[in-house]
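Chain by chain, the residues:
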Amino acid sequence: MLLALAICIFSFKLSLYARRGPGAGFMGFGTGGILFLLSLHLFLKNLFFPNRETLEGPILKNKKINVSILSSLIFYALFLERLGYILDLFLVLLFLFAISKTMKWYAIIGTSILISLGSYLLFSTFLNIGLPLGVLKVLR
Amino acid sequence: MLESIVLGFSICLQPFNLSLCFIGVLIGTLIGVLPGLGPGATIALLFPITLGMSPASAIIMLAGIFYGAQYGGSTTSILVNIPGEAASVVTCLDGHQMALQGKAGPALGIAALGSFIAGTFSVLGLMILAVPLSNLALKFGPPEYFGLICLGMTLIIYLAQKSVEKALISGLLGIFLSQIGIDQVSSAQRFTFGLGELFDGISMVPLVMGLFGLGEVFLTLEGEISKISVITRVKNLLPNLQDWKDSIWAVVRGSVLGFLLGVLPGGGPTLSSFASYGIEKRLSKRPQLFGHGAIEGVAGPESANNSATGGSFVPLLTLGIPTNVVMALLFSALMVHGVQPGPLLIKQYPDVFWGLVTSMYIGNVILVLLNLPLIPIWVRFLKIPYQILFPLIIMFCLIGAYSERGLSFDVFLMILFGVIGYLMRKFEYEPAPLVLGFILGDILEESLRRSLIMADGSFLIFFRRPISAIFLGLGVLLLISNTIPFLKKRLRKLEKLEVT
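Sequence lines, in order, name chains S and D.
The first sequence begins at 2 in this note's numbering and counts up by one.
The second sequence begins at 116 in this note's numbering and counts up by one.
It cannot be assumed that every hint is accurate.
Cut-off 27 Å, straight-line C-alpha distance, at most; resulting in silico cross-link-like pairs (BS3-like, lysine-lysine) [claimed, not checked]:
#	chain 1	residue 1	chain 2	residue 2
1	D	Lys498	S	Lys65
2	D	Lys604	S	Lys64
3	S	Lys65	D	Lys541
4	S	Lys64	D	Lys541
5	S	Lys46	D	Lys604
6	D	Lys608	S	Lys46
7	S	Lys14	S	Lys64
8	S	Lys46	D	Lys603
Taking beta-carbon pairs under 7 Å as the criterion, some of the chain S residues facing chain D (in silico) [stated by the list, open to error]:
#	residue
9	Met2
10	Phe13
11	Leu15
12	Gly22
13	Met28
14	Gly29
15	Leu39
16	Asn67
17	Ser69
18	Glu82
19	Leu84
20	Gly85
21	Leu97
22	Phe98
23	Ser101
24	Asn129
The hints are simulated quantities; they were obtained by calculation from the structure and are not laboratory data.
Built from N, CA and C at the ideal position, the CB exists for glycine as well.
Work out the full structure, taking the sequences as your base and the hints as a guide.
See the structure below:
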């Protein structure tokens with residue numbers, strides 16, 4: 002509901018109607034308005050008939066693993082340009098394989114190196130997708 | 116048309132494109148076989164591979180991935196009883212029962228051969244329908260497009276597997292997300308909060324990879340990943356004469372029904388496989404066998420969902436309107452490669468259109484020739500633990516999100532949409548209407564604004580033009596029909612109260 006309200010307010014500020022027809026905020030205002038009405042409907046429905054909507058289990062049931070993955074992904078996004086794709090992915094894969102607890106430490110290191118180098122070769126060299134080299138630029 | 120078909124084959128049979136089709140089918144099956152990964156997620160994950168290719172080559176490979184993933188999903192349904200996606204749910208019912216009875220071979224065989232027959236039928240249907248429909252679509256103005264998209268969105272929401280209200284909210288959120296960026300008409304910045312990365316809007320790839328790839332990983336890892344039991348003994352892949360007798364009409368009916376439902380906005384593989392199963396059960400002389408290993412319960416839905424795949428290409432390629440998530444992904448893939456799907460596609464990019472159509476046929480042949488002998492290998496892949504797979508899925512998501520625009524910002528967006536996708540599944544919101552709303556939002560807004568400019572701001576233009584009035588009327592009827600059961604329930608409750 003709050004999001005819908007915010008959409009309406011921002012759209013209203015953008016002008017709903019211009020001289021030549023509907024303005025930049027016209028569609029957003031309509032979308033936000035309907036979204037608000039629907040959210041209100043669902044809110045009231047849940048308020049008066051609370052048993053009707055069931056949640057598929059508690060949120061973050063397996064908190065530790067999901068939060069760990071999320072943190073590692075944020076780390077990847079933050080350091081991608083600085084560390085470069087190969088090193089950044091290697092560290093993330095190392096962490097992900099380690100938390101999955103399915104391989105021995107030397108297999109984890111070996112697999113992570115292979116995948117990060119192999120994927121760089123495939124995407125950057127063969128498929129011409131620009132992936133940052135970061136600190137490894139010096140090796141070029 | 117013959118010239119165009121020859122052109123299509125000349126493009127598709129080029130060694131490079133042929134090998135792409137082959138690799139697409141192979142990789143698509145490989146990933147589609149893995150439990151929990153349907154065609155949508157598979158295409159989203161493998162999309163970056165096609166970025167460096169020409170439009171025709173890219174779409175040929177993506178179509179191959181789509182076919183492969185669709186077929187891979189059936190293998191998982193039959194051997195593991197885990198549907199890769201909604202369209203394969205029905206295959207589990209009888210397919211897995213057949214596998215338990217030692218008839219996994221004929222079940223997989225009829226699924227592949229039925230899909231091949233249905234695929235061939237739908238390619239023919241696409242070739243026949245595409246040109247006249249494109250010519251008709253050229254006569255469509257903004258009000259007609261607006262009406263058609265509204266009807267399509269309504270159908271998608273109406274057919275939602277869970278709550279209709281939640282599907283509507285999901286679709287509206289998608290429409291809202293499509294508005295982020297600089298407005299094409301007034302050049303005003305909308306919902307960008309001054310972030311330069313948002314001036315061009317949100318990119319499709321991080322959105323889809325987050326919602327489908329990462330969101331699914333979060334959800335799967337949350338549950339207990341127990342060892343799944345895979346049926347490993349697969350023999351006698353070719354169905355015998357009795358199997359064919361039992362299933363041939365199911366294949367024929369499934370092919371026709373699937374194609375017709377695939378053409379409908381909101382239709383597609385899921386709806387057609389469920390409809391086909393219902394029809395086969397009703398027409399069968401032995402309905403008691405359904406759910407206990409009836410071969411026609413595998414043949415019909417498998418043919419229907421494959422035929423629907425071809426059918427779904429009709430509105431995408433002729434009207435420029437994707438009718439389901441996979442088509443939305445292919446739509447955005449074409450857009451990324453600078454090809455605008457729609458009525459002018461056949462004229463402007465005959466190589467893309469006819470190359471795709473013929474590749475669908477060749478892809479179907481490769482599917483049958485390749486997949487049946489490789490089933491023992493797919494069975495082995497099914498045994499890879501998810502703990503090893505999920506880092507690889509995440510890696511594809513990370514590369515995909517970055518590769519389109521080369522921005523770390525898109526990786527953040529993908530992570531954000533991954534969390535949103537996870538929460539949506541938790542709260543029983545379907546992500547598919549969001550993606551469709553996102554894709555169709557731009558066209559919807561453009562046609563609405565252009566129509567209102569044409570009519571000096573009068574909304575009556577949508578009802579004065581007969582085609583748009585019909586589309587909108589049908590949409591309203593659908594929404595009203597959805598409230599009838601609710602009203603009936605209320606009335607019954609009131610009656611009960613009055614009696615007591």
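Q) So which of those numbered hints doesn't the model satisfy? A) 2, 7, 9, 10, 17, 19, 20
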